[in-house]
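Assembling the complex is the task here: the two chains are given apart, and the hints tell you how they should meet.
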Amino acid sequence: MTTLYMARTALAGAMLLLVACQKDSAPAASVAEATPVAKAAPLHIDGKWFAYPGQVDPLERTIDPPKPIPEPPLKPEYLDPWKEKQAKLREADKKGEPIASGYTHCLPDGMPAMMMGMFPMEVLESNGQVTIIQEAYQQIRRIYLDDKIPAWQDAEPRFWGHSAGHWDGDTLVTETVGIKENVMFRNVPHSAAMHIDERIHLIDKDHMVDEVTITDPDYLTAPWQWTWMYARHTGYKMYEYVCENNREFADPDTGKARLKLFGPDSK
Amino acid sequence: MIKRLHILGVLLLLSLSGLTPTALAHHSFAMYNNEKQIKFTGKVSRFDWTNPHVYIEMNDAKSNKHWTIECANISILGRLGWTFNMVKVGDEITVIVAPLHSGQPGALLKQITLPDGRKMGNGNPAGPPDPKLAEG
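Chains as they are written, first to last, in the working numbering: chain G, 1108 to 1374; chain S, 12 to 147.
In isolation and in its complexed conformation, chain S is listed as follows (with noise of 0.2 Å):
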C-alpha cells in the first residue's frame, strides 16, 4: 500500500510539473479500435523495452491466443513511471486494449495491471480505457 501511495504520488507530482507526453505519437493509432477495447490476461513471452515503440507480447490465457500489444516508447512511458525492468517475461498481467481494425492480433496498450496490482497508463496520444473494463 505505501508503494503503491508512493508511485501514486511520483505520478502526481510528474503530472503537476508537466511531464506529461504530447498530444503526438510516432504514427497515427487510427489501425486500432478506441470503441472495441478489450481486457484479457496472461502470461509476458517477450516484452520490448524499445524505440519506436515498446511491445508486450502475451497470450491471452483463457483463449490461448497470441497477441501483439502496442505500447507508447520509451519517454513517454518513462516520464509516466514505467522502468525498463517494469514487466518481465512470466509475468501474469491483465491487459486493457484496442484491437486492430483489420481483426489480426495486435492490439494498442491502454492499461496494464502489474502482477503486484499496480495499474499503468500508456500515456495521451493511445488514450485512455474505456471505463466501464477499468473498473471491472
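Only chain G is shown next, with the shape it has when bound in the complex (with noise of 0.2 Å):
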C-alpha cells in the first residue's frame, strides 16, 4: 500500500511538474522555483467516507470490521452511575419511551462521536489544515498542521475542541483537548482535561482507520481505546443539513422524546 502511495505521489508531482512546463514553456530556473508546488503534501485521506461497514452493502464487507468500542474504563465512583444510566435508556426504549438526548434539541455529535456520525463524511486537505465535514448536522472540524493545542486550561470549551496535527508518514497525527463537559460520546463524563489522541491512515486505498485513545485523569483509569473504519465513495456529494424542522421535544415533566403532532389542518 504504501508503495502504491509512493508511486501515485510520484506519479502526481512528476505531472505537476510536467503541467508547469508545458503552461508557461518555463526555463528550468522556474521549474526549480515551482518545487514548493511538486512538493506539496500528498493526499492522504483525501475523500468521501461513509461508516464501516454500517453505511457499507453486505457485498463490499472484505475487510474484518474493528472491534467493538470497549466498556470504557472509568473509575469506580463513575462507572456504576455510567451502567445505571446506559440500563436505564435501554429500558426506556424497550418501553417505547426514549429518553430525549442531544439529537431532540438538534445538537451535534461533537468530539470524538462526530469521527462516527449518523451520515457520510467528508475529509479536504490544504496547506496546513484538515478539515473534517460530517454530514450530520454539518459538522465541521478543523485540523491544524504543524500547530500546538492548547493547554486544557486554556482551551475554550467547545463541541469539536481544539485540534492540532502532524503527518508520521502516511498517517496523520493529531491531538484534541477542549471539549464541552456537557458533550459526551456514548453518555461517558469526562473533564475539561480530557485528551483525545487519533492516529488517522488508510490501510488500502479505499479504507481508513481512526485510532483513537482517551485520556482523563479525572475520570478514566487507563486510556480508553478503539478503532473506528471507513470505507472510500469517491463521487458521493454530500448532502446539506439543516435541523430547520425538528418536531420532536422533549417532556418537561419525563424528560421523554415526544414528537408535535399536526392536526387535520395540517399545522
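Derived by calculation from the structure, the hints in this document are not laboratory data.
Cβ atoms here follow ideal geometry from the backbone N, Cα and C, with glycine treated the same way.
There's no promise every hint is true.
Sample of chain S residues at the chain G side, in silico, Cβ under 10 Å [said to hold, decoys possible]:
#	residue
1	56
2	63
3	64
4	66
5	84
6	86
Written out as C-alpha cells, the structure is:
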C-alpha cells in the first residue's frame, strides 16, 4: 500500500512538473522555483468516507470490521452510575418511551462522536490544515497541521475542541483538547482535561481507520481506546443538513422524547 | 414499466455502491410500535422535505383520521432515490406505518406507494414494512 502511494505521489509530482512546464514553457530555472508546488503534501486521506461496515453494502464487506468499542475504563465512582444510566436508557427504549437526548434538541455530536456520525464524512486536505465535515448537522472540524493545541486549562470549551496534527509518514497524528463537559460520547462523563489522541491512516486505498485514544486523569483509570473504520466513496456528493423542522421535544415533566403532531389542518 | 425498471436499476446501483443508510438515526425510533404496523390510503395534505426529518401529513380516507407521518431525513431518503418533488399535496398515496405506542395519531413510515405505483422504503434505521402488509 505504502509503495503504491509513493508511486502515486511520485506520479502526481511528475505530472505537476509536466503541467508547469507545458503551461508556461518555462526555462529550467522557473521550474526549479516551482518546486514548492511539486513538493506540496501528497493527498493521504482526502475524500468522502462512509462508516464501515455500517453504511456499506454487505457485498463490500471484504475487510474484517474493527472490534467493538470497549466499556470505558471509568473510575469505580463513575462506572456504576454510568452503567445504571445506560441500563435506564435501554429500558426506556424497550418500553417504547425513549428518553430525550442531545439529538432531540438538534445538537450536533461534537468530538469524538462526529468521527462516526450518522452520515458520510468528507476529509479535505489543504495547506496547513485538514478539515473534516460530517454530513449530519454539517459538523466541521479543523485540524491545524504543525500547530500546538492549547493547554487544556486555556482551551475554550467547544463541541469539537481544538485540534492540532502532523503527518507521521502516511498517518495523520492528531491531538484534541477543549471539549465541553456536556458534550459526551456514549454518555461517558469527562473533565475539561480530557485529551483525545488519534492516528488516522489508510489500510488500503479505499479503507481508512481512526485509532482513537481518550485519556482523562479525573474520570478514567486507563486510556480508553478503539478503532473506527471507513470505506471510500468516490463521487459521493454531500447533502446539506439544517435542522429546520425539528418536531421533537423533551417532555418537561418526564424528560421523554415526544413528537409534535399536526392537526387535520396540517398545522 | 420501463420507468419502474429504471428506478429499480438506480436503487440496485445505489445499493451495490454502498450508498445505503447507516444503522443510526436522528433519534431513537423506539416511540413507534413496529409490531403493530397498519396500512391505509389517503390524500397528502402537507409534505415537508426537511431535516432532521421528512414529514407527510395525510388523512386516512376510510376513517378520515389525520396522521402525522415521520420519515427518515433528506440524505437517507435521497440516497434511496427519493426526491424533493416526489410527493405532492393532493397525491393519493398508500402507506404502511408503525404507529406511536402512545396511541396518538403519529407514525413512522415503513413504505409508501406513490400514485404511479412505485413503492419506496424509509431506509435502514426505520426498518422494513411488515411483509404481510407489503404483500397485500
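To see whether the hints hold, each was checked on the structure:
1. This hint holds: residue 56 (chain S) has a C-beta 4 Å from the nearest C-beta of chain G, less than the 10 Å allowed.
2. Taking 10 Å as the C-beta cut-off, the interface hint given for residue 63 (chain S) holds, the closest approach to chain G being about 5 Å.
3. Interface restraint check for residue 64 (chain S): the shortest CB-CB distance to chain G comes to about 7 Å, inside 10 Å, so the restraint holds.
4. Interface restraint check for residue 66 (chain S): the shortest CB-CB distance to chain G comes to about 7 Å, inside 10 Å, so the restraint holds.
5. Residue-level restraint check for residue 84 (chain S) holds (minimum Cβ-Cβ distance to chain G is 8 Å; threshold 10 Å).
6. Here the hint on residue 86 (chain S) is kept, as its CB sits about 4 Å from the closest CB of chain G, short of 10 Å.
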